[in-house]
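Listed here are the chains, written in short residue letters.
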Amino acid sequence: MIEVRDASFSYDGAASALDHVSLCVAPGERVVLLGTNGSGKSTLSRLLNGSLAPTSGSVRVDGRADGLARLVGYVRQDPRNQIVSSVVLDEVAFGPRNIGLSREEVFAHADEALSACGIMELRDRATSELSGGQQQLVALAGVLAMRPRYLVLDEVGAHLDAAARGRVSEIVERLVASGVGVLEIAHDPLALFGAARAIVLDAGRVAWQGSPQELLTSDEARSLAGFGEDVVARFVGVAVQRGLALGARPDPRAVASYLAREDVCCGGQYLITPHFRPFLTSKVALVRGPHFCLKDISLDLGGLTLVLGPSGSGKTTLARLLAGVMEPDAGEIVLDGRPVRAGGVGLAFQRPGDQLFCETVYDDIAYGLRAQGASERRVEAAVCAAAARLGVEERLFGRSPFDLSGGQMRRVALAGVVACNPGAYVFDEPTAGLDGASRAELRRLICDLAESGAPVVLVTHDAGEWLEDATSVVFLRDGAVVQQAEARVASESPELFSAAGLEAPFMVRLRSELVRGEEHA
Amino acid sequence: MLSPRIPGAYAPGSTLLHRLDPRAKLVMLLVATVATFAVSPPWGLLVMAAGLAAALVASKTSPATVLMCLRPAALILALSVASNAIVLVGQPGFSPEGLVRGVLVVCRIALVVGFALSFSSTTPPPAIADGLAALLAPLRRVGVPVGAVAMSASVALRFIPLTAEEVDRIRCAQRARGARLDEGGPLRRLRGWGQVLVPLVVGLFRRADELASAMVDRCYAGEQTALLGPLAPRDLVAIIVAVAWTVVAVLL
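Protein chains in written order, with numbering that gives the first Met the number 0: chain W, 0 to 520; chain S, 0 to 251.
Hints in this document: simulated from the structure, not taken from any laboratory. Some hints here could point you the wrong way.
Within a straight-line C-alpha distance of at most 20 Å, the following computed SDA-like cross-link-like pairs (lysine to any residue) qualify [claimed, not checked]:
#1 W:Lys314 with W:Arg337
#2 W:Lys314 with S:Val240
#3 W:Lys314 with S:Gln90
Per the computed footprint, the stretches of chain S lying under chain W, defined by three or more beta-carbons under 8 Å from a beta-carbon of chain W, are [said to hold, decoys possible]:
#4 89 to 100
#5 166 to 174
#6 198 to 210
#7 213 to 220
Note that CB positions come from ideal geometry on N, CA and C, so glycine has one too.
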């Protein structure tokens, strides 16, 4: 049993990151921990594995207060920050090698963990050549190889697509059945299926706890958990209110049997009419690189376009082509009749730190405009307008962008892109790892940009949350376009996803069940 | 996935050199490197060149890769040959002996690069670290933290592809904001690289912090179970052959 009693923690001695938190996790149960970014979830998980000690109160695992790292395994959100070694077997053996086991025992532990995660065939591969999903399985195996009695999963699905997420939760389900106690930090309401309890942290305190069913049906708990604008949480909540019992796994059919089609399809849906100008047109015949090859990509993109595909399908390459930072070997990208050049299309990445480099926030936002040779007067006006639009306060202008919090950094990075007023925008995985509120904020900005008439292209593994806003969806597979579909059609057609080698998001399967149910009736 | 292959980086395979123990390969590399600078031309050098040819064949490495590895140093090598061949002091003119001397040094460097390449492309970084730890083990008695040294080597090698990927992404983001990194004179281009360095270094430091705490989470404390078993007879034979070969080369 993990027992946290009245634990508080403060990083600087003044503001407390955790404030008199008490909770417990028993062997063989999975508890979901929810809360917005900065609510203290990660601090709590670091108390549980002993890498931080509480300033007051106590943390005990099976009655012990020290040596917690051996009892509680900790899997991080981004596997790239956890993987120590460049070869899979060596990575998985890393933990067991640290605890004084013999050579034979180390290999036995590692092989057992690899087969528990179903990745025996990756044993001798290089970790850097694996896809994100495979890397996360390797990270999990590395933790399991130490045979922990408890696991803390810190948003392990944030960077994964639906199929990889499903694989991870299957493994976790088996571990729980074998008696491992799991505390899962999540931003995804689907994690509530099969969970024993849910706990919501807010500003370092336990703000709510109860069963997953209760959480989904309580408006207050839902918004505390950051699910205020989450459609999946809303509709599953409606189904639970009408009598659905949450099963062990997300089951769209069961949920659909408690819903009518009107419930799902008219939820304040925002669809842009498909008549825009200008278009971002791709006439790419061929791009070839050491690890990728795209062929015959002919697309007309207007409004908000989602680009979906399994890892290695060429999504990132296409995003770079469309943004003009990479040139095709044959063919061209055209925006409003003119070929696209670097700087003509705004490009934003998942991690804002990648695109900030000036000494002050002001210089950073102004960078693109100055590079275009704009006068200082125009620069100042544009910087102030972009900062206001993104909610960057003027008092931050003199600060270094690297001193800011994650959310502020993201706003500055986006303000730098918006300030140049490019003719089109490309976003590469913009929401991975963000909480509900930040997602909603970004979503409003992106819809706002699309509504103002600029083509917006969004590369994502999380199609579910964008389908309601999108105009069209491009499915890529093995460097070719499988299909370009209207988003309204794609949002009800799981078969389009499977044709591209993807698992359809929960909402898509739910809608398709409802459509089918109606046709039967 | 987007990371470009760096010449000399480990390439998975099952050649003879892939299967040898990293400790044996490290000893052979050390012996070959010392011998390459100790042998006298032309016969000793030719025997070493034959040794390199054997190593390249045994690891299925193409000689073109060796040239690719030398390319970054090409200018310096060419200058050193030229400065040996052209005499400016005393009686200015062209010195054939100097040219031969310069060319021979370049040949020796090329040989060493070739040996190192056939080692690094057939040995995964963690095995290099393990081998290093095993060979340095005696130093533990005089207080050298051998485990930590080997671990840092392994982590550094793991970060090379990550850093390459990161540089690529940062450059992309900056070009998309209108930065012209590949244009202008050398000074402007150098400044452009400075811009890449700021976010790169900040990002790497953050990642290093994360990685350190991830290692502590998995009970890392400095010393680890050695994964290398006893040397196989095959490895002993390989070492003996390599030593015999270099002794012959040095004696010629």
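Verification of the hints:
no.: 1; hint: W:Lys314 with W:Arg337; result: violated (23 Å)
no.: 2; hint: W:Lys314 with S:Val240; result: violated (51 Å)
no.: 3; hint: W:Lys314 with S:Gln90; result: violated (65 Å)
no.: 4; hint: 89 to 100; result: violated (count 0)
no.: 5; hint: 166 to 174; result: holds (count 6)
no.: 6; hint: 198 to 210; result: holds (count 7)
no.: 7; hint: 213 to 220; result: holds (count 8)
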